[in-house]
Amino acid sequence: MGHDPFLQDAVVLVVDDDVDLGASLARLLARSGYPAVAFETPEAALEACANVRPRCVLTDVMMGHTNGFAFAQALRGVDASAALIFMTARPITAQAVDAIRHFGGIEYLDKPIDQTRLLAAVGEGLDQSAKRVASQTRLRALTARELDVFKEITRGKSSKAVAVDLGVSQKTVEVHRAAIMTKTGAACLADLIALASAA
Amino acid sequence: MAALGGWSAGAFGSTSPGSVARPLVSWLAWAGALGAYALIYHALHDLSQHLNAPLAFHFWYLPAGLRFAVLWRWGGRATAPLILAEFLLRVVSLDIALTLASLANTLARTATSVLGYALAVHLARRRLDPAADPADFGALPTGVAMILAPAAAALLGFPLAWTASEGLAAGHDGPAIAHVLAIATLGDILGVLLLAPLFLTLLFWGQGRRAGPAVTTPRALEAILALALGAAVAVIFWRSGMGARLEPLLLCLAWIGLRSGRLAAWAANLAVAAGVLLAANLGGVVFPDRIGLHMVIACMAIAGYLAGSHADAERKLRADLADRDRLLRQAERLRTLRSMSVAVIHELSQPLSTLMIEAQHLAGLGGAKTLDRAEIAQSSTLIEAKARGLVELVRRLRRFGGRALDAQTRVLAGDLMAEVAALCAPEARAARVALRVAPAEALGVMGQDIELQQAVLNIVRNAIAAAPGGVVDLRARRAADGWVAIEVDDDARPGPIAPRSGMGVGLIIARTIAAAYGGRIESQRREAGGMRFSILLPEASGA
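Heads up: the protein sequence lines correspond to chains F and Y, in order. Numbering follows our numbering, with no gaps: position 90 of the first sequence is 90. Numbering follows our numbering, with no gaps: position 450 of the second sequence is 450.
Treat the hints as calculated values from the structure; they're not laboratory data. For glycine and all other residues, C-beta sits at the position ideal for the given N, C-alpha and C. A couple of the hints might just be wrong.
Here are the in silico distance ranges between beta carbons for each label pair [unchecked claim]:
| # | chain 1 | residue 1 | chain 2 | residue 2 | range |
| --- | --- | --- | --- | --- | --- |
| 1 | F | Pro91 | Y | Leu337 | 21 to 31 Å |
| 2 | F | Ala50 | Y | Arg403 | 56 to 66 Å |
| 3 | F | Ala50 | Y | Ala422 | 30 to 40 Å |
The following block holds chain Y by itself, in its conformation from the complex (with noise of 0.2 Å):
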């Protein structure tokens, strides 16, 4: 028992060798929470007997939810001290004779229903998807966990069963056991899939990501007239004479899940089975083909946890794409200035010429005897100038290669194009490119405003590169009703355009982010030679 007590103990993860103090507080804490759960267990399986009645005490076995839940929050070295609960709970709850055959018997089916339940948990943890984080239980493995662990335990039980005093002695042949063992288990499943969640949400409070919930009001309205269509159908079937067939609400629970995920599945479940308790308790109505009855409810509840488990992890996944999208266009705004930079530099040296001159000159003033203001006037005016030009640069700079974090507002399409040709005007001094912008009437559009100064400044820079020495014309147009058109002209003489390293990316980037605000680009070869390349944006009107 001290044994038990010490690795109890240990595994609960309180070590502090040469403290009598902690091992006490620990014993004292597992032994509270084991009394704790079987309190709770007791409970449950009283709430079942009372529920469940009318149909068959199996038909939702709800304590098999609670022993799921802590299985699979604590692993494997949860087994023992869970067989000692449930043990001692029978042995106190059950008048069970305190002979050491009934005793043994006792432990013995304990044993192997917790042992069923800890084995399918560990098969599916570290076998399924090693890589799974054990707190994402709406995934696979917790799914296929929650159906295999009461399949284990009636596995495990069944040569016990076999051999029981109430077995083979009793009278009772294979079938008739088998039947008995089948209800009891599918009871079981449809407790853990209905309950098990509920818990472990308590177990795994505050850890794990979610995702955003899936269940609008829209989608809730739907998912009760499925079921409200699927109660009707099957009230049909029993009015008719059909018996009650519950089959129709297997394909009303698979679209709740598929539309609004698992939580939505998992509301809808409760909600069915807690209709036939209804119908059996208060309505009187007896289902006479009780494996069915509990057969149908238990795939209606897989059916939905997995097609809510499909569709949270679709939306998971989406989500999570769109993150990268994010990610992946600031990484190639921050490509994007560092092949600026060159230019870049050398606009600098511009300012910093006179900022250099005429703070020398200052110092210089400094030491003379008399004040000159008017230099001093002119001196300052100068350098004040030349450093507002240089911390715009800057700040425009810095604020392209950030993060897109606002969302998306209404831009008007002339500061796109001027910010635009902030951006560009070294590189275009550079290549000897006049860039002109046309005055734009007051056109918005919808988007992320740096990240729509990418997709132009990528055309741009490419009209830049083709066509060195030459003119880069910039406009804003409304184009066809209700889209906003950004035409870019090079007048690029035909023939081999100098090859220049990103040229093409820079083009399938800008398609991309395009057409992530629901628009397109388009190119077309001008009249008088070069290209023509728009970018249709749909207008958003102002406010």
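Pulled out of the complex, with its shape left as it was, chain F reads as follows (with noise of 0.2 Å):
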């Protein structure tokens, strides 16, 4: 599965043991403009995670031996940025919340799948996925201590008071400031929380 040509171009990624059913899956993506790749097993989603990056995940929640869930972990490890969707065959309320909650996935579907609903949440989680990609893009230009105070900034602290946590004068917070304001290009500070929101 390796270098599957295929693979380069996917935008999604679907993972099910029913090989038809993810057969079908990356089938019913690719025709509305989402090219979908589907693997049997999450380690080898895992291992072509390698070579690709995925902006969307459609993952089956029982999956023989392996939870869905601990692959969401997994995958998170090595991509915080895709748009992660579950689906079951045996939904369980709880766990539709810790799906959403803990997990970080932006639906819970159960089966037989709502085409509707998949296709809204495939194209909602590509969305979110390009922003935090945009935006992680654009803290990246930050240094280390200047993503520390934009973390602080950015949870509503005065710059005063982020001068004592840091342990240095108001006036460094005040240049870290400027820095970040014109590396991210944010206008204000508004703009900096909703960058925040987005990574």
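Bring the two chains, given one by one in their own frames, into a single complex with the hints.
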């Protein structure tokens, strides 16, 4: 699966131990304008992630011995910006809540899949993912120190409080703040906060 | 007379007010029936007289059997017609003086006889076991009635005999009359016990349930041997001067009844009575103690009848229990299906997802301008694969819940394990249990395959429930000589098992099924933790 030519174009990864369903979903997504590749196991999918950055991952929750959520966490370690969509044949409410809140999923679908919801979720996920990637690119320009200041500022702290927290002078904080504004291209604090939440 | 006719016509069930033809036909019908009765009665009466001559006219009074059978079949409403028929027969055939006194006497005697029988029949049918089916004349009520009827007739007729012209007036005293009555009653009992079953079978032809025949060839030979043995002992007694002692045959008859049922006992009885008649008629054997002879033959008949009835009832009961067992196991399979259904329903949603997506795609393709063959082919292939899987699932489940109608066959252990694994795959997936089936050599066991599946399935489901998230191994191997062991291993961690409904019952049912096919179930702890359940069944070697 390593150098699959289609993999390079793939925008969505589908992970499900039912091979036929995986193939079916991949074809559906491709028809809808989202090139996709299907994997039977999370391990194979993670391996592929080394070569390509998927912007959206659609995964089954119960796959034999492997938990879809464990896969989600592993994926987050590799690529923090991919959008996650979970699907399951045995929907459980508590699990659905966990999927969204703890594992960062944007949708929890039960099978048989509602195609409309799926495609809407994929579209939304790709949007979010794109925004995140853009934000992260912008933040990459900051130095480590600037990043610290940025985090504190966007939490709503005044420059004075930040200076106290970080153990530097307020003037230093102001200098960093100006640099942050320039590098990220933000116009005001609100922009910075929007950037922080999108990242 | 007209009133009697009308009543009888009504009693025989034909009613159609306003139609003249109907009553006429029914009149003719029962007149004809009674005529037939009288004719047969007369023929049997003559036969008795002829056959029994050396012993006593009443040794084996054949007509009594006919009378009893008719009364048992039609109940109390046949009483009056029978009295009429027998009375007329007596008048015609016995040259009774046509005086009022003698006619009245004859009528009274006929009436008491028939009434006695009717009373016994009524008591037995209504009081002894009201729920019993009259067509089941092998049951106890019939046997009791058969003995009571002649006794009742004798009791009712005693006063008449006492006061009759042939009684006291002729100089016979009490004991002599009693002697005659005793012989007559015993002869009647014999006639009823030996002939009534024949007529009852004819009269109830097609009705009633018959349990299968218990007389197999070995049993028949055994019966003949028993009879021969008894006869030999009787002959020995006779030759050594102890007289005609038939008591040994009593034991033989009881044995035959217990082993081979009522039909065999009846045939043996007939043989004994015929043997005695033959000995008297042709062999010139003299039986001085006539009452004793009558008694012992009657006792033999009764003993044989009761023993046979008991044996038949037991056989029927066992057959009923076996039927009940099968129904119970089917009910258990349905219960298992129901409790597996949650997992199965979720399982269904998986293939349905694919079917839905591809079907909608195909529908969309239908509207396109050009035919994309590759796409159609791909969609169709996916649909077929998924649909086939669903069909397989449905067939498997339906078969499992069905009735175990097939006879026992040789079932391969490998097939058994594969089927069970497929049946509980949804539950295993739901419980995150890895179910591993080891490849099995060609080991076979005899049994009904879905019942065996039930037994193994129950054990496997228990294992899955006990070890969620773990591993369950299923394998079959040859255990000690001639035994096949199907083993289910689980790796449950020790500690409280989450309570799950039906866990205990499943094991009980599995044990019952194993026992039904000659096997058993053993369990042991595994050193690595968890349990091993072994289902041991006798091996059936391939043909």
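Going down the list of hints, with the structure as the test:
{"no.": "1", "hint": "F:Pro91 to Y:Leu337: 21 to 31 Å", "verdict": "holds, 23 Å"}
{"no.": "2", "hint": "F:Ala50 to Y:Arg403: 56 to 66 Å", "verdict": "holds, 57 Å"}
{"no.": "3", "hint": "F:Ala50 to Y:Ala422: 30 to 40 Å", "verdict": "holds, 37 Å"}
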